[in-house]
Amino acid sequence: MALILEIKGVSKRFGGFKALDDVTLHVARGDIMGLLGPNGAGKSTLIKISLGLMRRDSGIVLLRGLDPFSDPDARKGVGVIFERPMLPESLTIEDFLRRAARIYGSSDSDVRGVLKQLGLESHAWKTFGELSAGLKQRAAIAHALLSNPEFIMADEPTSNLDPVERLKLLRLIEELNRDHGITFLVSSHIIHEVSRISSTLVVLNRGRVIARGSPQDLVMKAPIARVRSQNPEGLASILRGEGYDVAVEGLNVMIRLKSYSDNAALLETLSRASRAGVTVLGVDIIGAGLEELLRGEAA
Amino acid sequence: MTRIQHVMYIDLSDVLRPPGIDILLVLVAALGAILVSIQPVTDPVLASMLALEPTLVALAIFLALRGAAGVTWLVQSGIMHVYLSYPMSRALIALVLIVSRVIIPSSLILGVPLVVVLILLGPTLIGGVERVAVTYLSYIYQAALYGSLFLLVALRVKSQATSGLLSVAIYFTYTAMSTILGSIGRSIGSDSLKMLGDAMHLPNVIYAVYVGSDYDFKQLLLVPLLATLAVIAVIYYMVRRFETL
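Same order as they appear, the protein sequences are chains B and C. The numbers in this note's numbering rise by one with no breaks, and the one at position 204 of the first sequence is 204. The numbers in this note's numbering rise by one with no breaks, and the one at position 86 of the second sequence is 86.
Honestly, the hints are just simulated from the structure, not real lab data. Careful: at least some of the hints might be erroneous.
Claimed, not checked - The list that follows gives simulated cross-link-like pairs (lysine-lysine, DSS-like), each with its CA atoms no further than 30 Å apart:
(1) C:K194 x B:K126
(2) C:K158 x B:K76
(3) B:K136 x C:K158
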């Protein structure tokens with residue numbers, strides 16, 4: 001398995017705060033790796049260290065087999081989309097992208113191509129500051145694509161987008177991976193977004209890798225039952241009495257199951273609760289959210 | 001054009017964006033014109049210094065606020081991420097910042113009043129064009145010293161307000177030290193203190209050379225040496241220590 005990014009035992013401190021603690025992960029060529037974690041988990045720090053924008057305190061980082069902090073060739077063919085997309089505001093998008101294309105060794109026709117691909121043609125004369133949040137994100141993606149990338153690191157690329165734009169971006173990532181073989185490392189705190197495109201997920205919390213595996217494995221690991229009831233507190237009390245890990249959210253009672261095979265036992269408990277006068281309006285068995293994965297770590 | 005030139009073009013478009021630079025150029029041009037018009041000057045070096053001395057003060061403030069504090073904005077806004085994500089060494093990026101945020105603005109801002117003086121006092125300046133060029137170069141060195149120090153502070157503190165304030169403080173401390181050392185040297189009769197104070201402002205030494213006053217060759221080297229060290233410090237810091245936010 002050819003690796004495009006190797007991170008071994010990387011730690012990073014900011015004063016007394018440990019941002020990364022002995023993190024090890026590998027991104028294989030052709031893969032889409034989802035990097036999951038809540039805000040402050042260390043995702044952005046890990047991406048910056050992987051690009052050589054930050055020093056690590058210890059450990060090894062090899063991007064395309066080279067140390068990105070000391071060897072700029074490591075970043076050849078590596079595109080990046082930052083969480084807060086920002087490009088110089090003193091040039092028009094087209095002018096800036098033409099300059100960036102020359103830095104990356106791409107041509108003017110490549111610039112026209114990415115402008116068209118990302119629907120930026122009619123905005124090419126605007127400066128970055130004049131674009132909407134969605135268009136800014138597209139401009140940042142266009143910039144990343146001009147690097148003739150074999151690998152793109154995207155730090156929360158959907159964070160500023162509306163649901164329609166999010167979906168478009170996720171589709172674009174899938175297309176680029178499928179049609180052009182571009183490897184992706186995509187960070188997010190929304191498990192359902194990254195799990196739909198990623199072949200591998202890594203969950204980061206408080207600077208440590210707490211889970212890794214295929215999306216299916218991780219989501220199956222901690223299924224959740226969402227039960228709607230007219231008396232959620234009463235139902236929660238019954239379920240707690242049966243030993244379930246329960247949280248009340250409005251009219252929903254969220255029940256953390258040990259596995260999908262727990263369904264039958266849960267349904268029996270709900271049936272008893274119903275007979276005891278607690279109205280059950282509906283039951284959904286859903287995949288784990290980030291919170292559940294993190295709770296799994298704490299448990 | 002090479003990669004470094006394209007990054008420089010991008011960075012210069014930020015440094016030289018209107019209206020700040022335009023207003024400053026008009027001001028220093030007008031100031032230069034007024035100063036050489038209100039007093040009779042026949043010496044090309046003195047004429048140049050009359051226009052360039054107040055320009056250097058304005059330039060120092062520009063370098064602190066637009067050049068160096070502008071770098072902290074690059075860091076805070078995330079544009080520095082973009083620069084550093086290019087397949088270019090950190091040393092080259094540091095060099096781009098020094099050229100686009102110190103050398104080119106200094107050359108431009110010091111050059112415009114000189115052109116105005118040339119128009120107003122053409123025969124005077126053309127008669128000593130090589131002396132005018134050396135005087136101009138001495139101001140560039142002086143500005144490069146200030147600008148590189150400001151850049152170093154900006155890369156270190158990464159805060160616009162702090163780097164702006166610290167840069168202005170460094171400038172006034174340096175110029176005050178130069179004056180105080182020179183004055184103390186003269187009052188207590190210490191040649192070395194007087195020479196050190198004078199040497200801290202290279203154009204003074206150049207003037208002394210051309211008017212035939214006493215000077216030591218080492219005085220000519222102090223500011224270029226300090227400026228070179230400041231440039232090396234910026235490159236070193238960028239290569240070894242600098243991190244984005």
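For the pair supplied as a hint, C:K158 and B:K76, confirm whether the alpha-carbon distance does not exceed 30 Å. holds (27 Å)
Hinted pair C:K194 and B:K126, Cα distance within 30 Å: It is violated: about 56 Å lies between the C-alpha atoms, which goes past 30 Å.
Distance restraint between B:K136 and C:K158, which requires alpha-carbon spacing of 30 Å or less: holds (24 Å)
Hint violations for this structure: number 1 only, all remaining hints satisfied.
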